[in-house]
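Student: Chains as they are written, first to last, in the numbering used here: chain G, 4 to 143; chain X, 28 to 392.
Keep in mind that the hints were calculated from the coordinates and are not lab data. Be aware that one or more of the hints could be misleading.
[Unchecked claim] For the chain X half of the interface with chain G, some residues (derived, Cβ under 10 angstroms), not all of them:
id	residue
1	Arg156
2	Thr158
3	Ile198
4	Ile240
5	Ser241
Glycine is no exception: its CB is placed at the ideal position from the N, C-alpha and C atoms.
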Amino acid sequence: MRTRFLIVDDSELVRKSLRTVLQANPDWEICGEAADGEAALKLFSELHPNVVILDFQMPGINGIETARRMSAVAPAVPIVLFTQHASPDLERHAREAGIRSVVSKTNAFPMVGMIEALLGPAGSEPAAEGSADCGKGQTG
Amino acid sequence: MREQEKVNILMVDDQPGKLLTYEAILNELDENLIKARSGKEALDHLLRTDIAVVLMDVSMPELDGFQLADMIRQHPRFQKIAIIFISAVHLTDLDRLNAYQRGAVDYISVPVVPELLRAKVRVFADLHRKTQQLETLNRDLRSLSARLLAMQDEERRRIARDLHDSIGPLIAALSMNNGMLAQQTKKLGPEVADVLQQNNQLVEQLSKDIRTISHLLHPPLLDEIGLLPAIKMFAEGFAERSSVKVDVELSPEIGRLPPNVEISVFRIVQECLTNVYRHSGSKTASIKIAPSQEKLLTVQVRDEGKGMPRTNGVPASAASNHGVGLSGMRERLRELGGTLEIKSSENGTTVIAAVPVAKPMVKNV
Chain G
4 MRTRFLIVDD SELVRKSLRT VLQANPDWEI CGEAADGEAA LKLFSELHPN
54 VVILDFQMPG INGIETARRM SAVAPAVPIV LFTQHASPDL ERHAREAGIR
104 SVVSKTNAFP MVGMIEALLG PAGSEPAAEG SADCGKGQTG
Chain X
28 MREQEKVNIL MVDDQPGKLL TYEAILNELD ENLIKARSGK EALDHLLRTD
78 IAVVLMDVSM PELDGFQLAD MIRQHPRFQK IAIIFISAVH LTDLDRLNAY
128 QRGAVDYISV PVVPELLRAK VRVFADLHRK TQQLETLNRD LRSLSARLLA
178 MQDEERRRIA RDLHDSIGPL IAALSMNNGM LAQQTKKLGP EVADVLQQNN
228 QLVEQLSKDI RTISHLLHPP LLDEIGLLPA IKMFAEGFAE RSSVKVDVEL
278 SPEIGRLPPN VEISVFRIVQ ECLTNVYRHS GSKTASIKIA PSQEKLLTVQ
328 VRDEGKGMPR TNGVPASAAS NHGVGLSGMR ERLRELGGTL EIKSSENGTT
378 VIAAVPVAKP MVKNV
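With the sequences and hints as input, model every part of the structure.
Tutor: Right under this line is the structure:
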């Protein structure tokens, strides 16, 4: 079963790059994209993604608040905060909100490795419930 | 109609004849003349209108001139009223002293010389008018500078946001694309791989520079997760750029504060650290933010530098050559109802800002 990603960023450019990077792995697919927190929460409950890549600064509710609401519902789904503002303090706040790891947008290189580590050893089942076939949900 | 606004002159005497005389003398001044037949009537006028000069008889039944002067001076609104006593009796030096101690500006004995009385009243009427003009200008200036500071904050926030929204994603995309390429280095020749490596470094430097500019303009963490993380992050960046060692001590019980308080406190700390770097020569700085009372926040920034330049033994804190920094801080604090204190010696400078906050700050559980 392929690992399904929900990617959330207010920049189409960043989402496009994320698609390129993530889809380079044949076992990974993008099941939904959102440009803000509200839309992301809606897709999250509809699509049951296995991993969420989340921007921090977005219109409306920010990434940390979005993550807090997601992990209240499904704490097992790993959430990665992808931000220009990575700092130890932000990381602390992020972890309190249930975010597993923070990746700097200016040095996105470790992202893939980090996600692989979050998903556990190769071949093991992704740690999320929900197996409904998910279409290409698009909002925002 | 003349350009200047008329001021009110209150004449107080229990004898109607005298009031008419004063009126005749002062009519030429073209100000508003108000007559009162008793101390009580005078007080009624004082409470209702803005009076520039009070001309009053010392001896009146019930409330005499001295008693009335005492009552006027006790009221903060009336502190600046010029009181001129007129008296036919009580003419000893002790009486005069008594009058001046009650805040009188003059003590005139009867018979009154009309030209003299008119000239004296004119001086105080003009003074009152000028004071009023100055107060109006001062109020206008204050509200202008408060608006300018707020606009500056808003403008900085907007530019930082624009940088984040336009250049930020470009850099992120570049960085990710480079990351993709880097995974294929085996397919690339060593020279191409080297250029790629250089590109990576360039993107990182570019991103760092943009991030510094954007953070100095407006700290992104301030709006999103609050003052304390924003200050910590700013202090870390400042220490890195300036090589000034910064010690940060923040009370966690402060929590979130209203946006205008957060941005003002942040700007004050930012301004202080900029001064430490530009003027003090200090290699260290410390920031301490803690509640000093239930509803009062104290922000303290200290350095061990050479202190502020002094003019006539007084720190030149408001001097124009010190830029708008300190007066900007004062204005921000005035808007919040706070105060600024500066202690400066050759061993260093401490800036202490006290900021009232509406909610009581209690320890986190």
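Student: Return the status of the interface hint for X:Arg156: holds when the least beta-carbon distance to chain G is below 10 angstroms, violated otherwise.
Tutor: Since chain G brings no Cβ nearer than about 54 angstroms to X:Arg156, farther than 10 angstroms, the hint is violated.
Student: Taking the closest Cβ pair, is X:Ile198 under 10 angstroms from chain G?
Tutor: The hint holds - X:Ile198 has a Cβ within 10 angstroms of chain G, the shortest such distance being about 6 angstroms.
Student: Hint validation: X:Ser241 versus chain G, beta carbon distance must be below 10 angstroms. Holds or violated?
Tutor: Hint on X:Ser241: holds, closest Cβ of chain G at ~8 angstroms, below 10 angstroms.
Student: Any CB of chain G closer than 10 angstroms to the CB of X:Ile240?
Tutor: 12 angstroms, violated
Student: Report holds or violated for the interface hint on X:Thr158, using the least CB-CB distance to chain G and a cut-off of 10 angstroms.
Tutor: Violated: closest Cβ of chain G sits about 50 angstroms from X:Thr158, beyond 10 angstroms.
In summary, the numbered hints that this structure violates are 1, 2, 4.
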